[in-house]
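Q: Chains as they are written, first to last, in our numbering: chain P, 371 to 661; chain U, 5 to 270.
To be clear, the hints were calculated from the coordinates, so they are not data collected in a lab. Values in this document were obtained by computation on a predicted structure and should not be read as measured data. Any given hint might turn out to be false.
[To be verified] Okay, derived cross-link-like pairs now, DSS-like style, lysine-lysine, Cα gap no bigger than 27 Å in a straight line: (1) U:LYS49 with P:LYS505; (2) P:LYS414 with U:LYS73; (3) U:LYS178 with P:LYS623; (4) P:LYS373 with P:LYS414; (5) P:LYS500 with P:LYS434; (6) P:LYS414 with U:LYS126; (7) U:LYS178 with P:LYS616; (8) U:LYS49 with U:LYS73; (9) P:LYS523 with P:LYS645; (10) P:LYS616 with U:LYS73; (11) P:LYS434 with U:LYS262; (12) P:LYS436 with U:LYS178; (13) P:LYS414 with P:LYS514; (14) P:LYS505 with P:LYS437; (15) P:LYS645 with P:LYS634; (16) P:LYS385 with P:LYS373; (17) P:LYS616 with P:LYS385; (18) U:LYS178 with P:LYS437; (19) U:LYS49 with P:LYS514; (20) P:LYS623 with U:LYS126; (21) P:LYS437 with U:LYS128; (22) P:LYS623 with U:LYS128; (23) P:LYS500 with U:LYS262; (24) U:LYS126 with P:LYS616; (25) P:LYS505 with U:LYS126; (26) P:LYS500 with P:LYS645; (27) P:LYS500 with U:LYS128; (28) P:LYS500 with U:LYS126; (29) P:LYS434 with U:LYS126; (30) U:LYS126 with P:LYS436; (31) U:LYS49 with P:LYS616; (32) P:LYS437 with P:LYS514.
[Stated by the list, open to error] Reference excerpt, derived from the structure (chain P facing chain U, CB under 10 Å, subset only): (33) ARG410; (34) TYR421; (35) GLY471; (36) THR495; (37) GLY637.
Cβ coordinates follow ideal geometry from the N, Cα and C atoms, glycine included.
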Amino acid sequence: MNKQMTAAQVVAQLKDGMTIGIGGWGPRRKPMALVREILRSDVKDLTVVSYGGADVGMLCAAGKVKKVVFAFVSLDFIPLEPYFRQARQSGAIEVMEIDEGMMLLGLRAASWGLPFIPTEVGLGTDIITKNPGIKVIDSPYDDKEWVAMPALKLDVSLLHVDRADVRGVCQIAGPDHYMDDWFARAAAKTFVSCDELVATEYFHDPAQARLVHWERSMTTGVIPIPGGAHPTSCSPLYGFDVPHFKAYAASAKEESGICGYFDKFLGASEQEYQKNVGGLDAIRAIELPTY
Amino acid sequence: MTAAIEYTLAELCIVAASKAFADEGEVLGTGIGVIPRLAASLAMKTTNPDLMMTDSEAWMLSEPNPLGKRPADFVPATESWMGFSRIFDNVWSGRRHAMLGPTQIDKYGQSNTSALGGTYDKPKSMMLGARGFPGNSISHPNSFFVPEHNTRVFMDGECDFVSSIGYNPARLPKGHRLEDIDIRLVITDLCVMDFGGPEHQIRLVSLHPGITAEQVQASTGYPVYIPDEVPTTAAPTRAQLDIIAALDPHHQRAQQIKDNPAGNRA
């Protein structure tokens, strides 16, 4: 089975109003090239589920987002993602604000075909008072009340990995795969961009196969895009682009805002974008962060 | 006669904050921010060698990593994998103690890391978001570090958005008791507090050198329980300062409290 496709083919499958999950975490290993392709399209009214960073910020700034399901939207070293902040403070978006662990439970519930997973997380906080979609229930086994974290069912998940083959075997060799496996499982369709396309035989080495976090039936499409996580990191291949993120954040203070940022960088294609940010060699030379 | 040791307020706070981790045994010590991270690291090197810690990325360490850039030949003392998906297995086991810095802390010990002012649909100022605060606060002990003790942080009334559960009877979940909630130390640039006053009132535990109880109360938007005798926060020892210096070779601790004052403001 050959699942190779282009970013344009991925976006052609998106419809207004879809619920889209985006993998990675903040400034780390996000499918930014796929996000950029959405930014070039007319798709809108999206519900975005993400451990958010500039993926959420840019989509909000471009007016494509109806609702954000989040625990944070951050660029780590720039703690407050500026465009999400603007969207939130202008009342432009609906939100479901939850704990980071609740998002994991929601993705697991969706993956396992459960309507909810019970947890005590959220009790005693405004998570349960501000989210009418999150119910508090009794238990058949004890006298406590529990939060019923609902399944976060996704129409589409977008992920970026280090390496993949055309059958959809996807490897993340970096230190953390975050919740990408759950995003893959929770979605009706999962589109995965990869820095490198490899032959299937690559995974015959158990050390390589060990770093594959979901089976290929969960991968709908594979899109080879070297440097496709930029400006986020794809450890150990490249770090996140600090000067680029600083320029992005600074654009939020300018009158031209996101349009100024898009005019300078977005381009009509990923090829143009990468040219605008210094080329693939420059991306691959970006130092890994120290924590 | 030995000369008095010179130390900064940041160093005093690191040592005071490290006491939160001292008697915790084999739990994951998570200090978010420079001073909390150094506090947990100091505890791991001295009072609680059984403490567990991550490298703030994806690995558990047998020894805390120093802060900032490290020499190219530095080898971290890696112990086990602890990616973000596994962290919640630890959080929900209760075997953790986190020290965090929220934007607001109200009289119930509830904290806010999210929306400030305006309405929830249109806040005046959107901060971090709930992050892991709801789960941390109901699953395991937590402490707070506040670099600037003032009435914006310790505000009158309830938090604009309650990110973490506190000692609030009105929000106590069915089947839970207030005693189940475990807020430990609150370390600020003025003092150390906890919520051990009558009916979980915030309580003054120690005053930093040169600071008065009146200053603490004036900087807090709700009544602080002040015991008859309030000790002075202990000064760091030479040994503790040497360990802190080794953990923070780039002096990031000097940028955490405004003007980086000396520890003794008498």
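Q: Does each hint hold? Answer for all of them.
A: Going down the list of hints, with the structure as the test:
1. Of the pairs offered as hints, the one joining LYS49 of chain U and LYS505 of chain P is violated, with about 44 Å between alpha carbons and a cut-off of 27 Å exceeded.
2. For the suggested pair LYS414 of chain P and LYS73 of chain U, the alpha carbons sit about 42 Å apart, so the restraint of at most 27 Å is broken.
3. Between LYS178 of chain U and LYS623 of chain P the alpha-carbon distance is near 46 Å, which puts this suggested pair outside the 27 Å criterion.
4. Annotation: proposed proximity of LYS373 of chain P to LYS414 of chain P holds, straight-line Cα distance about 26 Å (limit 27 Å).
5. Between LYS500 of chain P and LYS434 of chain P the alpha-carbon distance is near 23 Å, which keeps this suggested pair within the 27 Å criterion.
6. The suggested pairing of LYS414 of chain P with LYS126 of chain U holds, with an alpha-carbon distance near 21 Å, which does not exceed 27 Å.
7. The hinted pair formed by LYS178 of chain U and LYS616 of chain P fails the criterion: a straight-line CA distance of about 46 Å is larger than 27 Å.
8. For the hint linking LYS49 of chain U to LYS73 of chain U, the alpha-carbon distance of about 20 Å falls within 27 Å, and the restraint holds.
9. For the proposed pair LYS523 of chain P and LYS645 of chain P, the alpha carbon gap of about 36 Å is over 27 Å, so the pair is violated.
10. Proposed proximity of LYS616 of chain P and LYS73 of chain U is supported: the alpha carbons are some 20 Å apart, at most 27 Å.
11. For a cut-off of 27 Å, the pair hint linking LYS434 of chain P to LYS262 of chain U is broken: about 40 Å separates their Cα positions.
12. Between LYS436 of chain P and LYS178 of chain U the alpha-carbon distance is near 34 Å, which puts this suggested pair outside the 27 Å criterion.
13. This hinted pair does not check out: LYS414 of chain P and LYS514 of chain P have alpha carbons roughly 41 Å apart, beyond 27 Å.
14. For a cut-off of 27 Å, the pair hint linking LYS505 of chain P to LYS437 of chain P stands: about 19 Å separates their Cα positions.
15. Annotation: proposed proximity of LYS645 of chain P to LYS634 of chain P holds, straight-line Cα distance about 11 Å (limit 27 Å).
16. Simply put, LYS385 of chain P and LYS373 of chain P have alpha-carbon atoms about 20 Å apart, close enough for the 27 Å limit, and the pair holds.
17. The straight-line distance between the Cα atoms of LYS616 of chain P and LYS385 of chain P is roughly 32 Å, outside the 27 Å bound, and the hint therefore fails.
18. A distance of roughly 31 Å separates the Cα atoms of LYS178 of chain U and LYS437 of chain P; the hinted pair therefore is violated under the 27 Å criterion.
19. Between the alpha carbons of LYS49 of chain U and LYS514 of chain P the distance comes to roughly 40 Å, so the proposed pair goes past 27 Å and is violated.
20. Our distance criterion of 27 Å between C-alpha atoms is met by LYS623 of chain P and LYS126 of chain U, whose separation comes to about 19 Å.
21. Restraint check: the Cα-Cα separation between LYS437 of chain P and LYS128 of chain U comes to about 19 Å, which is no more than 27 Å; the hinted pair holds.
22. The hinted pair formed by LYS623 of chain P and LYS128 of chain U meets the criterion: a straight-line CA distance of about 17 Å does not exceed 27 Å.
23. Straight-line distance between C-alpha atoms of LYS500 of chain P and LYS262 of chain U comes to about 35 Å, which puts the hinted pair past the 27 Å bound.
24. Distance check on the hinted pair: LYS126 of chain U and LYS616 of chain P sit about 26 Å apart at the alpha-carbon level, within 27 Å; holds.
25. Taking the CA atoms of LYS505 of chain P and LYS126 of chain U, the gap is about 23 Å. The hint holds against a cut of 27 Å.
26. A hinted pair counts as satisfied when its Cα atoms are at most 27 Å apart, and LYS500 of chain P with LYS645 of chain P does not qualify at roughly 44 Å.
27. The straight-line distance between the Cα atoms of LYS500 of chain P and LYS128 of chain U is roughly 17 Å, inside the 27 Å bound, and the hint therefore holds.
28. Taking the CA atoms of LYS500 of chain P and LYS126 of chain U, the gap is about 13 Å. The hint holds against a cut of 27 Å.
29. About 18 Å separates the Cα atoms of LYS434 of chain P and LYS126 of chain U, which keeps this hinted pair within 27 Å; it holds.
30. Between the alpha carbons of LYS126 of chain U and LYS436 of chain P the distance comes to roughly 14 Å, so the proposed pair stays at or under 27 Å and holds.
31. Between LYS49 of chain U and LYS616 of chain P the CA atoms are separated by roughly 36 Å; this puts the pair beyond 27 Å, and the hint is violated.
32. Taking the CA atoms of LYS437 of chain P and LYS514 of chain P, the gap is near 31 Å; set against the 27 Å cutoff, the hint is violated.
33. Hint status for ARG410 of chain P: violated, given a least beta-carbon distance of 27 Å to chain U, over 10 Å.
34. About 8 Å separates the beta-carbon of TYR421 of chain P from the nearest beta-carbon of chain U, less than 10 Å, and the hint is met.
35. At a threshold of 10 Å, the smallest CB-CB gap from GLY471 of chain P to chain U is about 4 Å, leaving the interface hint in force.
36. Contact between THR495 of chain P and chain U, as hinted, is supported at the beta carbon level, the nearest pair being about 5 Å apart and thus within 10 Å.
37. A distance limit of 10 Å between C-beta atoms decides the matter here; for GLY637 of chain P the minimum to chain U is near 30 Å, and the interface restraint is violated.
Of the numbered hints stated above, those contradicted by the structure are hints 1, 2, 3, 7, 9, 11, 12, 13, 17, 18, 19, 23, 26, 31, 32, 33, 37, listed in ascending order.
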